[in-house]
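S.K.: Here are the chains, one letter per residue:
Number of protein chains: 2
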Amino acid sequence: MTEKKATNITWHEGAITKKDRERLLGQKGVVIWYTGLSASGKSTLAHAVEEKLFELGRVSYVLDGDNIRHGLNKNLGFSPEDREENIRRIGEVSVLFADTGVIAMTAFISPYRSDRDQARTLVPEGRFIEIYVKVPLSVAEERDPKGLYKKARAGEIKEFTGISAPYEEPLKAELVIDTSELNVEESRDVVIDFLTARNLI
Amino acid sequence: MTEKKATNITWHEGAITKKDRERLLGQKGVVIWYTGLSASGKSTLAHAVEEKLFELGRVSYVLDGDNIRHGLNKNLGFSPEDREENIRRIGEVSVLFADTGVIAMTAFISPYRSDRDQARTLVPEGRFIEIYVKVPLSVAEERDPKGLYKKARAGEIKEFTGISAPYEEPLKAELVIDTSELNVEESRDVVIDFLTARNLI
Numbered sequence: 001m002t003e004k005k006a007t008n009i010t011w012h013e014g015a016i017t018k019k020d021r022e023r024l025l026g027q028k029g030v031v032i033w034y035t036g037l038s039a040s041g042k043s044t045l046a047h048a049v050e051e052k053l054f055e056l057g058r059v060s061y062v063l064d065g066d067n068i069r070h071g072l073n074k075n076l077g078f079s080p081e082d083r084e085e086n087i088r089r090i091g092e093v094s095v096l097f098a099d100t101g102v103i104a105m106t107a108f109i110s111p112y113r114s115d116r117d118q119a120r121t122l123v124p125e126g127r128f129i130e131i132y133v134k135v136p137l138s139v140a141e142e143r144d145p146k147g148l149y150k151k152a153r154a155g156e157i158k159e160f161t162g163i164s165a166p167y168e169e170p171l172k173a174e175l176v177i178d179t180s181e182l183n184v185e186e187s188r189d190v191v192i193d194f195l196t197a198r199n200l201i
Numbered sequence: 001m002t003e004k005k006a007t008n009i010t011w012h013e014g015a016i017t018k019k020d021r022e023r024l025l026g027q028k029g030v031v032i033w034y035t036g037l038s039a040s041g042k043s044t045l046a047h048a049v050e051e052k053l054f055e056l057g058r059v060s061y062v063l064d065g066d067n068i069r070h071g072l073n074k075n076l077g078f079s080p081e082d083r084e085e086n087i088r089r090i091g092e093v094s095v096l097f098a099d100t101g102v103i104a105m106t107a108f109i110s111p112y113r114s115d116r117d118q119a120r121t122l123v124p125e126g127r128f129i130e131i132y133v134k135v136p137l138s139v140a141e142e143r144d145p146k147g148l149y150k151k152a153r154a155g156e157i158k159e160f161t162g163i164s165a166p167y168e169e170p171l172k173a174e175l176v177i178d179t180s181e182l183n184v185e186e187s188r189d190v191v192i193d194f195l196t197a198r199n200l201i
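Each protein sequence line maps, in turn, to chains A and B. Reminder that position 28 of the first sequence reads as 28 in the working numbering, one-by-one numbering, no gaps. Reminder that position 149 of the second sequence reads as 149 in the working numbering, one-by-one numbering, no gaps.
Worth flagging that the hints you see were computed from the coordinates, not collected in a lab. These numbers were taken from a predicted model, which means no experiment stands behind them. One or more hints might be untrue.
For identical chains, the list gives no copy identity; a pair is met inside one copy or between any two copies.
In the PhoX-like style, the derived pairs of lysine-lysine whose C-alpha atoms are separated by at most 20 Å in a straight line are [unchecked claim]: (1) K150 to K19; (2) K18 to K52; (3) K146 to K158; (4) K19 to K52; (5) K74 to K151; (6) K151 to K52; (7) K52 to K158.
Construct the complete structure from the given sequences, taking the supplied hints into account.
M.R.: What follows is the structure, given as structure tokens:
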């Protein structure tokens, strides 16, 4: 029994940490959580920030309806439970990205404060940046790029945030950006300046 | 109505693609899917590859029980449906990582061929690398680092892969690595050589 068999080879665990990956990438793994009404400009702002980060040689990734609702969360509907599970999974995935050292950006209405606060608890202090992309409801309705507000007003879409379902404004967002006041470049620069000031990029 | 209001500002979409991110990172976004019996060495091999990739300046991330079962998939059990959903979500998340340009590595038993093949369909041709981490069952049982095989033999764990639940061997794995024949460094180098030969790193 003292013979060392090939089957008993010591298999050690790799020891690459989040910190190692951040050093390699020259940035910090963070979650930037954009929240706000439909048509507030969350996804557009996130992609504008992504573009600027890329110019700066930084790696980010935008999680939004396009890549989440048709994939990971395609088995979820719009019931309250499913909406909660939708945001829960997005929070968990964004944590994995941040753990990789990537700048994860999520662009979802995420109307419930408790859901957003839950996502915040998953990330180390200072690494969760909640950005309230704020517009007056009237402005969002006027933009209405997909005609959703019109349908909601007509009762064709039920439980539509801002019309027939609540939107709970953030109480402690790291940034509040009013996209009816700032254009996309100005909004983007607010985010980039914040990341720079916090030594995250 | 011809007046351009601030609320009608043209919000353009950022246009950073997977290809851009791959160029930035100097690597290709791929999914490396390790499959095999419990105690075959999947996670250890994945972490050894991660370590080597890091030395080479490449960014990878290992999805395994440690970061998935306690987070994204903590609301899943071990029923057949939940096992399928477990692997489905892992597949979808690994695709997001690959889309970021990161080398995503998954280390799960993933005993069903159909589940693994489903994950493969999510990734572009040539970007899904299935690695069968193969050991004789007797070797896995002898290793049994967590005493799971012992419990399974005693009937304390039900539906344990290889004992009381099936393991469907891959039919078309990109690599088959027998960890009862190769040690961890040799196994790791097989993977690294493959990635190099395919111009993925």
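S.K.: It remains to establish, for every hint, whether it holds in the given structure.
M.R.: A quick look at each hint next to the structure:
In this assembly of identical chains, the alpha carbons of K150 and K19 never lie at most 20 Å apart, being 48 Å within a copy and 38 Å across copies at closest. Taking the shortest alpha-carbon separations for K18 and K52, only the inter-copy value of 15 Å comes in at or below 20 Å, while the best intra-copy value is 23 Å. Taking the shortest alpha-carbon separations for K146 and K158, only the intra-copy value of 16 Å comes in at or below 20 Å, while the best inter-copy value is 50 Å. Within a single copy, K19 and K52 get their C-alpha atoms only as close as 23 Å, which misses the 20 Å cut-off; across copies the closest is 16 Å, which meets it.
For the identical chains of this complex, K74 and K151 are neighbours neither inside a copy (23 Å) nor across copies (37 Å), given an alpha-carbon limit of 20 Å. In this assembly of identical chains, K151 and K52 lie within 20 Å of each other by CA distance neither inside one copy nor across copies; the values are 35 Å within and 54 Å between. Taking the closest pair of Cα atoms, K52 and K158 never come within 20 Å of each other, the shortest separation being 37 Å inside a single copy and 52 Å across copies.
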